[in-house]
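So the protein sequences, as listed, match chains Y and A.
Numbering that gives the first Met the number 0 puts the first residue of the first sequence at 0, with every later residue one more than the last.
Numbering that gives the first Met the number 0 puts the first residue of the second sequence at 0, with every later residue one more than the last.
Since the hints were made in silico from the structure, they are not lab data.
Glycine included, C-beta positions come from ideal geometry on N, C-alpha and C.
A couple of the hints might just be wrong.
Said to hold, decoys possible - Quick list of the computed label-pair ranges, beta carbon to beta carbon:
#1 A:G87 x Y:H307: 32 to 40 Å
#2 A:M34 x Y:S230: 46 to 54 Å
#3 Y:S164 x A:R55: 35 to 43 Å
#4 A:H119 x Y:S164: 39 to 47 Å
#5 A:H153 x Y:A347: 39 to 47 Å
#6 A:E45 x Y:A56: 26 to 34 Å
#7 A:S146 x Y:Q248: 52 to 60 Å
#8 Y:V315 x A:K242: 28 to 36 Å
#9 Y:E145 x A:L204: 38 to 46 Å
#10 A:D143 x Y:A347: 30 to 38 Å
To be verified - To give an idea of the interface, some chain Y residues facing chain A are shown, with a C-beta separation under 10 Å as derived from the structure:
#11 W2
#12 R68
#13 V76
#14 G105
#15 L117
#16 V120
#17 T342
#18 G345
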Amino acid sequence: MRWNERMQQHYEEDIRSGGPTYILAIESSCDETAAAVIRDGRVIVSSVVASQMTSHARFGGVVPEVASRAHVEQISVVIDEALVKANRSLEEIQAIAVTSCPGLIGALFVGVTAAKTLAQVAGLPLIGVHHLAGHLYAAALSDGVEPPFLALIVSGGHTELLHVSVEGKIGRLGKTRDDAAGEAFDKIARALDLGYPGGPLIERLANQGDPHYVTFPQAKLGDDSLDFSFSGLKSAVLLHLDRAKRAEQTVRKADIAASFQHAVISVLMAKAKTALQQTGLQTLVVAGGVAANAALREEAKQLCDELHVRLAVPDVWLCTDNAAMIGAAAYVRYKQRKFADLTLTGQAECSIEQW
Amino acid sequence: MALLAIDTATSTLALAVGDDDGHVLAAWSSRIPKMHATYVNPLIDEMLATVGFDLRDIKGIIVGMGPGSYTGIRIGVTVAKVLAIARGIAVVGQSSLASAAYALRLQYGLVAVLWDARRHSAYTVAYRVQYGAFVEVLSEEKRDIASFMGLLAHEVQTGEAVYLLGDVAGVAAQEYASAFSCNPVIVYDATASVYAENLLSLGYLELHKKMRSLEVSDHGKEAHVLVPRYLQLAEAEARWLEKRRGSSSNESD
Ligand SMILES: [Zn+2]
């Protein structure tokens with residue numbers, strides 16, 4: 000029987016039965032190969048992440064071809080493990096979800112092809128998920144938060160302010176015009192000879208430093224803009240390091256790390272505040288890899304207390320890439336019957352608003 | 000019950016379905032470069048429906064492991080691995096280069112495959128084919144095109160026919176014609192292509208053996224360790240190793 004007919008039969012059956020919906024989700028957009036089983040978009044039944052971090056550390060960043068090779072080695076292993084840990088067979092799953100964009104194209108192909116094959120063999124609906132939607136629904140897993148809310152996504156690839164409506168429609172209020180915040184962390188970590196990945200290393204060092212040691216400039220993009228820019232800040236830090244080196248002063252790494260981190264968080268909070276005031280939204284979600292940063296979480300809490308707004312952040316382990324968040328985002332689409340067909344493919348870039 | 004053969008290592012997306020004796024029921028190939036990720040699953044769906052099957056009927060898989068386009072190879076291998084673990088069925092990896100050469104199994108002479116690997120190099124292999132029997136004379140390797148043609152000229156016997164196939168076969172035949180002045184040189188196929196019916200014939204015996212010998216639960220585990228044959232390191236990896244060795248060799252890409 001054709002996949003399309005089997006898939007529709009399965010969907011009708013699930014809706015009629017009114018039983019719980021189990022989604023098997025896959026994520027392979029960057030350097031983590033991950034699979035998870037999620038119940039009703041809220042409960043993590045199993046979550047498996049095979050990280051390639053150590054493999055890329057020697058290159059000082061993610062190398063696409065190395066990532067793609069690792070994904071193909073790990074993909075069937077993580078899927079198998081996610082099902083075993085969930086104690087469910089593929090016949091006891093209601094839908095297959097996968098990150099289809101944005102990301103490293105060759106890496107995405109591995110996850111998307113795996114997902115299509117699973118959907119095809121089991122006769123299940125297939126859901127393509129925007130990676131950023133995954134990040135913001137990670138908060139739903141930890142906190143049960145429901146739209147509408149304002150989402151601040153901060154990661155190695157993205158810095159965005161998103162408006163998520165009651166129906167789950169996503170509108171973009173602001174984005175970075177150059178580097179992503181996480182990218183700036185990586186670059187400054189490299190300049191300070193801290194290693195890779197930069198985020199946790201800067202955070203650890205910043206804990207021992209003075210955030211007011213240097214006042215680094217924050218980009219002015221016009222009063223109304225909710226966009227971000229971190230390249231000026233990055234240059235200012237590099238310039239400072241260069242000057243210190245030439246003057247043969249000892250570089251106060253901890254103080255510089257603290258001042259840099261402070262500058263990044265200040266900008267993020269200022270824009271989030273403006274966006275909350277402009278939209279009147281009552282909930283702020285902070286998500287993405289950089290949302291694991293304790294100082295950012297603390298500042299966000301203070302901001303929300305000040306504005307009497309609810310804050311929802313994912314548990315720290317759900318901030319970095321994982322498949323559980325993809326399953327959570329997919330559930331919304333499952334209920335809306337928004338399925339992909341077998342021509343679903345990976346795309347390096349795609350708009351969150353069109354998703 | 001049916002068997003599935005897939006190759007995505009070249010710009011040809013090649014699919015075949017066979018019965019349990021390995022006889023071809025359908026064989027499809029489409030030259031749609033860089034679109035394998037989009038079309039491999041829908042085309043499998045379509046092909047199987049044509050012969051009255053779906054993926055649940057597949058009891059064994061033969062997959063082309065490359066060498067070839069990095070991104071391309073991974074698509075077919077991913078389909079094979081995931082299908083194998085999902086259904087607990089046997090999978091056999093076959094060389095894509097060998098499968099390409101297999102198209103000339105009824106010829107008599109030297110059969111050499113050259114697929115572009117950029118920077119004057121190619122993924123190469125050579126066989127002596129006689130009465131349907133293949134004897135490997137130059138093993139599968141990424142080689143400089145010039146040195147491969149030199150090795151081939153050394154192997155060829157007087158008057159023996161030389162069949163070249165691959166996307167750089169035409170150029171190589173012209174450029175090194177003088178080395179083969181006493182031999183008929185035939186450019187059999189000037190594309191890098193694999194046809195899945197050949198993959199099916201070539202891999203059938205091994206698959207059949209495996210299907211009979213392994214416990215069902217072992218099949219999935221076997222699939223986990225399936226890795227494409229890239230025949231070379233990722234460029235960044237090669238550079239990193241080189242730096243560590245401090246050597247001046249510039250073998251990369
Ligand atoms: Zn991410």
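The hints, checked one at a time:
{"no.": "1", "hint": "A:G87 x Y:H307: 32 to 40 Å", "in the structure": "violated, 56 Å"}
{"no.": "2", "hint": "A:M34 x Y:S230: 46 to 54 Å", "in the structure": "violated, 36 Å"}
{"no.": "3", "hint": "Y:S164 x A:R55: 35 to 43 Å", "in the structure": "holds, 40 Å"}
{"no.": "4", "hint": "A:H119 x Y:S164: 39 to 47 Å", "in the structure": "violated, 57 Å"}
{"no.": "5", "hint": "A:H153 x Y:A347: 39 to 47 Å", "in the structure": "holds, 46 Å"}
{"no.": "6", "hint": "A:E45 x Y:A56: 26 to 34 Å", "in the structure": "violated, 44 Å"}
{"no.": "7", "hint": "A:S146 x Y:Q248: 52 to 60 Å", "in the structure": "holds, 56 Å"}
{"no.": "8", "hint": "Y:V315 x A:K242: 28 to 36 Å", "in the structure": "holds, 35 Å"}
{"no.": "9", "hint": "Y:E145 x A:L204: 38 to 46 Å", "in the structure": "violated, 58 Å"}
{"no.": "10", "hint": "A:D143 x Y:A347: 30 to 38 Å", "in the structure": "holds, 33 Å"}
{"no.": "11", "hint": "W2", "in the structure": "holds, 5 Å"}
{"no.": "12", "hint": "R68", "in the structure": "holds, 6 Å"}
{"no.": "13", "hint": "V76", "in the structure": "holds, 5 Å"}
{"no.": "14", "hint": "G105", "in the structure": "holds, 5 Å"}
{"no.": "15", "hint": "L117", "in the structure": "holds, 6 Å"}
{"no.": "16", "hint": "V120", "in the structure": "holds, 4 Å"}
{"no.": "17", "hint": "T342", "in the structure": "holds, 5 Å"}
{"no.": "18", "hint": "G345", "in the structure": "holds, 6 Å"}
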